[in-house]
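Participant: Here is how the chains run, residue by residue.
Number of protein chains: 2
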Amino acid sequence: MRLVVVGGVAAGLSAAARARRIDRSLEIVVLEKGEDVSYAACGLPYLVEGRVRAAEQLVVYTAGHFRRERNIDVRTSTEVVAIEHARRRVVLRGGDSLPFDRLVVATGARPDTTGIAGAGLPHVFTLHTLRDGVRLRDFLREKRPRRAVVAGAGYIGLEAVEALRARGLDVTLMFPGHDLLGRHDPELARVLIAHIERFRVDVRAEQPLRSAAALDTDLVVLATGLKPNVELAAEAGANLGPTGAIQVSDRMETSLGSVYAAGDCAETTHLVTGRAVYLPLGTTANKMGRVAGATAAGARERFPGVVGTSVVRVCGLGVAVTGLSKEQARQEGFEPVAARIESGDRARYFRGRPTTVELVADRRTGRLLGGLVLGEDGAAGRINVVATALHHRLCVDDFEQLDLAYAPPFAPVWDPLLIAAQQLQKAM
Amino acid sequence: MRLVVVGGVAAGLSAAARARRIDRSLEIVVLEKGEDVSYAACGLPYLVEGRVRAAEQLVVYTAGHFRRERNIDVRTSTEVVAIEHARRRVVLRGGDSLPFDRLVVATGARPDTTGIAGAGLPHVFTLHTLRDGVRLRDFLREKRPRRAVVAGAGYIGLEAVEALRARGLDVTLMFPGHDLLGRHDPELARVLIAHIERFRVDVRAEQPLRSAAALDTDLVVLATGLKPNVELAAEAGANLGPTGAIQVSDRMETSLGSVYAAGDCAETTHLVTGRAVYLPLGTTANKMGRVAGATAAGARERFPGVVGTSVVRVCGLGVAVTGLSKEQARQEGFEPVAARIESGDRARYFRGRPTTVELVADRRTGRLLGGLVLGEDGAAGRINVVATALHHRLCVDDFEQLDLAYAPPFAPVWDPLLIAAQQLQKAM
Numbered sequence: 000m001r002l003v004v005v006g007g008v009a010a011g012l013s014a015a016a017r018a019r020r021i022d023r024s025l026e027i028v029v030l031e032k033g034e035d036v037s038y039a040a041c042g043l044p045y046l047v048e049g050r051v052r053a054a055e056q057l058v059v060y061t062a063g064h065f066r067r068e069r070n071i072d073v074r075t076s077t078e079v080v081a082i083e084h085a086r087r088r089v090v091l092r093g094g095d096s097l098p099f100d101r102l103v104v105a106t107g108a109r110p111d112t113t114g115i116a117g118a119g120l121p122h123v124f125t126l127h128t129l130r131d132g133v134r135l136r137d138f139l140r141e142k143r144p145r146r147a148v149v150a151g152a153g154y155i156g157l158e159a160v161e162a163l164r165a166r167g168l169d170v171t172l173m174f175p176g177h178d179l180l181g182r183h184d185p186e187l188a189r190v191l192i193a194h195i196e197r198f199r200v201d202v203r204a205e206q207p208l209r210s211a212a213a214l215d216t217d218l219v220v221l222a223t224g225l226k227p228n229v230e231l232a233a234e235a236g237a238n239l240g241p242t243g244a245i246q247v248s249d250r251m252e253t254s255l256g257s258v259y260a261a262g263d264c265a266e267t268t269h270l271v272t273g274r275a276v277y278l279p280l281g282t283t284a285n286k287m288g289r290v291a292g293a294t295a296a297g298a299r300e301r302f303p304g305v306v307g308t309s310v311v312r313v314c315g316l317g318v319a320v321t322g323l324s325k326e327q328a329r330q331e332g333f334e335p336v337a338a339r340i341e342s343g344d345r346a347r348y349f350r351g352r353p354t355t356v357e358l359v360a361d362r363r364t365g366r367l368l369g370g371l372v373l374g375e376d377g378a379a380g381r382i383n384v385v386a387t388a389l390h391h392r393l394c395v396d397d398f399e400q401l402d403l404a405y406a407p408p409f410a411p412v413w414d415p416l417l418i419a420a421q422q423l424q425k426a427m
Numbered sequence: 000m001r002l003v004v005v006g007g008v009a010a011g012l013s014a015a016a017r018a019r020r021i022d023r024s025l026e027i028v029v030l031e032k033g034e035d036v037s038y039a040a041c042g043l044p045y046l047v048e049g050r051v052r053a054a055e056q057l058v059v060y061t062a063g064h065f066r067r068e069r070n071i072d073v074r075t076s077t078e079v080v081a082i083e084h085a086r087r088r089v090v091l092r093g094g095d096s097l098p099f100d101r102l103v104v105a106t107g108a109r110p111d112t113t114g115i116a117g118a119g120l121p122h123v124f125t126l127h128t129l130r131d132g133v134r135l136r137d138f139l140r141e142k143r144p145r146r147a148v149v150a151g152a153g154y155i156g157l158e159a160v161e162a163l164r165a166r167g168l169d170v171t172l173m174f175p176g177h178d179l180l181g182r183h184d185p186e187l188a189r190v191l192i193a194h195i196e197r198f199r200v201d202v203r204a205e206q207p208l209r210s211a212a213a214l215d216t217d218l219v220v221l222a223t224g225l226k227p228n229v230e231l232a233a234e235a236g237a238n239l240g241p242t243g244a245i246q247v248s249d250r251m252e253t254s255l256g257s258v259y260a261a262g263d264c265a266e267t268t269h270l271v272t273g274r275a276v277y278l279p280l281g282t283t284a285n286k287m288g289r290v291a292g293a294t295a296a297g298a299r300e301r302f303p304g305v306v307g308t309s310v311v312r313v314c315g316l317g318v319a320v321t322g323l324s325k326e327q328a329r330q331e332g333f334e335p336v337a338a339r340i341e342s343g344d345r346a347r348y349f350r351g352r353p354t355t356v357e358l359v360a361d362r363r364t365g366r367l368l369g370g371l372v373l374g375e376d377g378a379a380g381r382i383n384v385v386a387t388a389l390h391h392r393l394c395v396d397d398f399e400q401l402d403l404a405y406a407p408p409f410a411p412v413w414d415p416l417l418i419a420a421q422q423l424q425k426a427m
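So the protein lines, in turn, are chains B and Z. Just so it is clear: in the first sequence, position 137 is 136 by numbering that gives the first Met the number 0, and no numbers are missing. Just so it is clear: in the second sequence, position 197 is 196 by numbering that gives the first Met the number 0, and no numbers are missing.
Excised from the complex, chain B in its bound form:
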C-alpha cells in the first residue's frame, strides 16, 4: 500500500509523519517541486530583518531526516504535473509516473500577483518560499536599497514593513481599501495605521498596486494575498468549494475517492459562522495535514475547523484577533454588540503596559463572536482564551466568570479580558 503526498512543507509533511505513526508498514512518498522541505515560512520576515542569520535555521527537518528517521521517501525538485485519478497514479514532470493507493494533495498556495505589471522584475519580491526570503535578504545585502514599497496590508505585508524598517529603509505601505489584516474593522485600521506611522512609515490606504514597474523605488515587496494551488486537484476532478479552494470533509476527504487535501490549497470551516473559509495559516495547515495523514492511513480523526485566530507583530505591537469583527458579524447576519477597553496588562511595578481588548457578541443570543487584543506582551495568550471560548460557543455572562490567573508579575487582578466582558455585558 503506497501513500503519495504532493507537497513537502507544512501540511504535506504533517500528513506523512502522522500516517507513518499510525501505520509502520505503509510506503510513503512525498513529492516536492521545490528544493526545500519542512521550512518555517512564518520565519521569513525575520530572515529579511536579519534576526534569523542563516536560512538553514528555518529548516525544521531535511529530506534526509525523513528518509533516515521516519522511513519516508521525500523527493525534492520533483514536480507533479497531473493526477490520473482513474489510474491511481500521478504524472511527474519529465513523463515518469508514480502509482498511489492513497493520495494527499498538499500543494499549498502561491502569492496572488494577478494583474500587477512588473511582478517578475529583479527588484520585485514576494515572501512565500525559503528561496524568496533568501533572494530578498541577498538583495538587501548586495544592492543596499534605500527605499521600499510594500504592497498589501495582510500579516506578511505588515511583517515585511517591520523587517525593512528595522534594516533602515524608508518604507511606503500601500494597500487597496481600508482594511488591515483582512479584518473589516475601521477602528483597528485607524489604531494600526497611527502606530505604523509613528515608525515613520508612509502609509497609503486605498492604493491598489497595478504596476510594480511604475513605482519610483529601489525595492518592492508584493504581499497581495495568497491563491490556493488547486489546479492539479481540480483538473483531476476534485470539487472546489465556495472560496475557490479545494473542498474537504472534516476528515480531509476530497470529492475523489482515496484523495485527501490539506493545508493552504484547501478550505476549512469557520466554526463561528459555520461556513467555508479560506484562511491559509501554518497552524491550520499542520492540523489539517495530521488529519489527512490519519485518514489516509485508515484511522478516524477529524478536524472540525477554525475560529479565525491569528497574531502578528506590527512594529513591536502584538495584534491578535479571533472570530469576527463587529463589521464582519453584521455581514454574517448577527446583531453584534462590541466593547473595547484599554487597561494595564500587569501591575505597574512590573512594567505594566496598556493593552486593548475588544469583544464582540450577538445581542440576540448573548453568544461571543470575536475578539481583538493589542499589546506588547500577552496578546497571544489572551486571544487564545477568547478562541477557546469561541470553539465552545460561550456567552458573555459565562466568559465574565472565567477563573483566570492573577499575580502582579503576570496580570492585573481584573484581567483586561474580564473588564472587556463586563463592559460588553453592560452594552448588551
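Hints are computed from structural coordinates only; laboratory data are not their basis. Please note that a few of the clues may not be correct.
For chains that are exact copies, the list does not tell them apart, and a pair is met inside one copy or across any two.
EDC-like, lysine to aspartate or glutamate: derived pairs with alpha carbons at most 20 angstroms apart [to be verified]: (1) K142 with D169; (2) K425 with E300; (3) K425 with D215; (4) K142 with E68; (5) K142 with E234; (6) K425 with D22; (7) K425 with E334; (8) K142 with D249; (9) K32 with D131; (10) K226 with D376; (11) K226 with E196; (12) K226 with E26; (13) K142 with D217; (14) K425 with E375.
Starting from the known structure of chain B, fit chain Z onto it as the hints suggest.
Facilitator: Quick look at chain Z alone, frame taken from chain B:
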C-alpha cells in the same frame, strides 16, 4: 434602605461598588476594622522586595475616594463585634450599633499561626495586611538581618522567599509534608525545589514549624496558610460549609435572610469536582464581592465557582496551575491520565525558552481535569486557556483542535498546550 458591608478590602469594596452601580439611592456603609481599605495584598511581597517603593502604591482607592466619588460611606478603624440578625443591626466595638436592611459579610481571613510558639515576637512576621508588609520592610531596612526562615510553601511563602533572596538574605524555606503551592504533585515539588535551590535557598521539606522562637535566625516569615474569619457570621447563626468557611449560594446568600458573604471568609464551588472548596484569592474575592453587592441591591447575578486557577512567580519562574493535579484527581475518584511535555515557548530567534506543560484528563470520560504550566513567560496566558476549557468541560480531543494563535515572536507553530494534548491523547 441601608446596605452595611463588614470589611473594606477586595470583596467588601467590590460589593459596595457593585451595589452602588445598580442602585443609586441605596445607603451604603462599609465598616473596616483596620486603617487601610482597598489595598492590593498580592503586592506585599514586592513591597518587601523593594520593587514597590511606597506602601501607598498598593492602595487602589482611599476611603475618601469612595465617599466623594461613589457616595459610599467607608469607615476605617471601625470594628464590628457582633451581628444581631433578629434586630437587623451590627454592634461596633465601643457599644454603638448600626441597623441594616442588607448585610454583606466580607471579613476576610487571617494567617493561621495556630500552635506556633513565638508568633508574636518582634522578628516574626506574617504577610497579610498592608501593615504587615510595611512592618517587615521597615525591619529589613532598620535591623539589616542576614538570615531568614520562611515557614510554609504556599504562594505567599514562595513569594517571600524570592523577595528576601532578592534583598540578599540567606533564606531557609521549611514546610510540612512534601507539597508546594497546596498541590499534591510530587513531580512539581521536585522541579520547584530544584529551581529554588539553584538560588541558594536551603529547602527543608517535612519540617512543620512548632516554635518561631526556637529558630536560630534573624527573621521569620510565617506563611502557614489562611483561616477564614467566620466568627461574626457563625455567632449570628450563619451556616459554615464543609471547608469551615461560610457557606453561600451562587448568589452569595448565607443561611441568614438578607445576609450575604463574599471573599476570603466564604467558600465556593470547585467546578471540576462540583464540591465546596476554600481558595482565598484576590480574583475570586472580587468576583464574589460583585455578586454579593448585586444580590444585596436586588439584581440577579451569579458566581458559579472556580476551577482553581493560580499563578505565582517563584525565583523568576512562572508557575501556573488550574483544576486538579493527577494525585488530586485520583483522590476525587477520577481515573486520571497525565502527560507532561517540555517545549520552546516561542521561536528560538525570539529568545524561546523551555516551558513545561502538564495536562490531566479522566480516562473514563476523556474530560480534561487540570493543567500546569511552568515558564518564564506566557505561563499565565497558557493556563488561562486550560482554565477556560475546564469551565466548559472540554475533552482532550476537543482541546487538541483549538485554533490557537501563532507567530514567531509569540509562540511556536505547535503551541506547547497542543503538544501536551497530543501526548495526552496517546496516553488515554
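Participant: Confirm or reject each hint.
Facilitator: Status of the hints after comparison with the structure:
In this assembly of identical chains, K142 and D169 lie within 20 angstroms of each other by CA distance solely inside one copy; the values are 15 angstroms within and 58 angstroms between copies. In this assembly of identical chains, K425 and E300 lie within 20 angstroms of each other by CA distance solely across copies; the values are 13 angstroms between and 41 angstroms within a copy. Taking the closest pair of Cα atoms, K425 and D215 never come within 20 angstroms of each other, the shortest separation being 51 angstroms inside a single copy and 57 angstroms across copies. Taking identical chains as interchangeable, the C-alpha atoms of K142 and E68 are never at most 20 angstroms apart, the minima being 41 angstroms within one chain and 63 angstroms between chains.
With identical chains, the CA atoms of K142 and E234 are never at most 20 angstroms apart, being 42 angstroms at best within one copy and 84 angstroms at best between copies. In this assembly of identical chains, the alpha carbons of K425 and D22 lie at most 20 angstroms apart only when taken from different copies (15 angstroms versus 54 angstroms within one copy). For the homomeric pair K425 and E334, the shortest alpha-carbon distance inside one copy (16 angstroms) is at most 20 angstroms, but the shortest distance between copies (42 angstroms) is not. Proximity of K142 to D249 under the C-alpha cut-off of 20 angstroms is found in neither arrangement, the shortest distances being 48 angstroms within a copy and 68 angstroms between copies.
In the homo-oligomer, the alpha carbons of K32 and D131 lie at most 20 angstroms apart inside one protomer (15 angstroms), although the nearest pairing across protomers, at 69 angstroms, exceeds that limit. For the identical chains of this complex, K226 and D376 are neighbours neither inside a copy (32 angstroms) nor across copies (36 angstroms), given an alpha-carbon limit of 20 angstroms. Proximity of K226 to E196 under the C-alpha cut-off of 20 angstroms is found in neither arrangement, the shortest distances being 29 angstroms within a copy and 55 angstroms between copies. Proximity of K226 to E26 under the C-alpha cut-off of 20 angstroms is found in neither arrangement, the shortest distances being 31 angstroms within a copy and 64 angstroms between copies.
Taking the shortest alpha-carbon separations for K142 and D217, only the intra-copy value of 9 angstroms comes in at or below 20 angstroms, while the best inter-copy value is 67 angstroms. For a Cα distance limit of 20 angstroms, the shortest separation of K425 from E375 qualifies neither inside one copy, at 28 angstroms, nor across copies, at 36 angstroms.
When held up to the earlier numbered hints, the structure conflicts with 3, 4, 5, 8, 10, 11, 12 and 14 and fits the remainder.
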